[in-house]
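So the chains spell out like this:
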Amino acid sequence: GAVVSQHPSWVICKSGTSVKIECRSLDFQATTMFWYRQFPKQSLMLMATSNEGSKATYEQGVEKDKFLINHASLTLSTLTVTSAHPEDSSFYICSASRTEDYYEQYFGPGTRLTVT
Amino acid sequence: QKEVEQNSGPLSVPEGAIASLNCTYSDRVSQSFFWYRQYSGKSPELIMSIYSNGDKEDGRFTAQLNKASQYVSLLIRDSQPSDSATYLCAVVGGTSYGKLTFGQGTILTVHP
Chain A
1 GAVVSQHPSW VICKSGTSVK IECRSLDFQA TTMFWYRQFP KQSLMLMATS NEGSKATYEQ
61 GVEKDKFLIN HASLTLSTLT VTSAHPEDSS FYICSASRTE DYYEQYFGPG TRLTVT
Chain B
117 QKEVEQNSGP LSVPEGAIAS LNCTYSDRVS QSFFWYRQYS GKSPELIMSI YSNGDKEDGR
177 FTAQLNKASQ YVSLLIRDSQ PSDSATYLCA VVGGTSYGKL TFGQGTILTV HP
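Chains A and B, in that order, give the protein sequences. Under the numbering used here, think of the first position of the first sequence as 1, with each following residue one higher. Under the numbering used here, think of the first position of the second sequence as 117, with each following residue one higher.
Think of the hints as simulated: they come from the structure by calculation, not from any bench. Some hints here could point you the wrong way.
To give an idea of the interface, some chain B residues facing chain A are shown, with a C-beta separation under 7 Å as derived from the structure [what the hints assert, rightly or not]: (1) S148; (2) S159; (3) P160; (4) I163; (5) S165; (6) V208; (7) G214; (8) F218; (9) Q220.
According to the in silico footprint, chain B covers these stretches of chain A (three or more CB under 8 Å from chain B) [as the list claims (entries may be wrong)]: (10) 40 to 54; (11) 106 to 116.
Note that beta-carbon positions come from the ideal geometry of N, C-alpha and C, so glycine has one too.
When you get a sec, could you build the whole thing from the sequences and use the hints?
This is the structure in structure tokens:
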């Protein structure tokens, strides 16, 4: 149980285009979903927290107009990187949790984004 | 002081030995504690969770929590080369609404 999927697993896009990443909880309903970014040899950086049907809460320094998050259902959240630039190239990872599990977060496999 | 600190690595142990990973946290009202394993180029994988003082065992893994000392540890018995990874300690604070605060990670290498 507690499986989270992400799609796509990797994507290459041109500078200035937008990319959408999907995160799905496959066998449970996720009260909350989180989006992280990780650069090589660095720790995970939380970008935003989203609850189903609510606007996402972004961490300080994360541009909400650039990283659009939609949490349309209890099993699906999407992250759209708008007008991507090479500096947005990173490993994007989502996680999902349900409060009845004492906030255990289950991570998706990640999406590697390369902007050329 | 960092909110969550892990013992500095890297840690290298021989195959079959016990690997000991330590973590301290600063938020006294933290309520949930986790250990994640992350292989290079992969996302973190939850391997242990602990919520009350004492020990919790799962296979070769034992997590220990001491809230008075604000300390949580992970022991890996009979370490295998496949255990070689970065281990992340993560804590949910009292007012963090489920957000994890991660330590910087400890790189473990198990050599044959």
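Verification of the hints:
1. Nearest Cβ of chain A to the Cβ of S148 (chain B): about 5 Å, under the 7 Å cut. The hint holds.
2. For S159 (chain B), the suggested interface contact is upheld, since its CB lies about 4 Å from the closest CB of chain A, less than 7 Å.
3. A least Cβ separation of about 5 Å between P160 (chain B) and chain A falls short of the 7 Å threshold, and the interface hint therefore holds.
4. For I163 (chain B), the interface hint is violated, since its Cβ never comes within 7 Å of a Cβ in chain A; the closest pair sits about 11 Å apart.
5. About 5 Å separates the beta-carbon of S165 (chain B) from the nearest beta-carbon of chain A, less than 7 Å, and the hint is met.
6. The criterion of a C-beta within 7 Å of any C-beta in chain A is met by V208 (chain B), whose closest approach is roughly 5 Å, and the hint holds.
7. For G214 (chain B), the shortest C-beta to C-beta distance to chain A is roughly 4 Å, which falls under 7 Å, so the interface hint holds.
8. Checking F218 (chain B) against chain A by beta carbon gives a least distance of about 6 Å; that is within 7 Å, so the hint holds.
9. The beta carbon of Q220 (chain B) is positioned within 7 Å of a beta carbon in chain A (closest approach about 6 Å), and the interface hint is therefore held.
10. For the segment 40 to 54 of chain A, the stated coverage by chain B holds: 4 residues have a C-beta nearer than 8 Å to a C-beta of that chain, and at least 3 were required.
11. Beta-carbon proximity to chain B at under 8 Å applies to 5 residues in the segment 106 to 116 of chain A; the threshold of 3 is reached and the given coverage holds.
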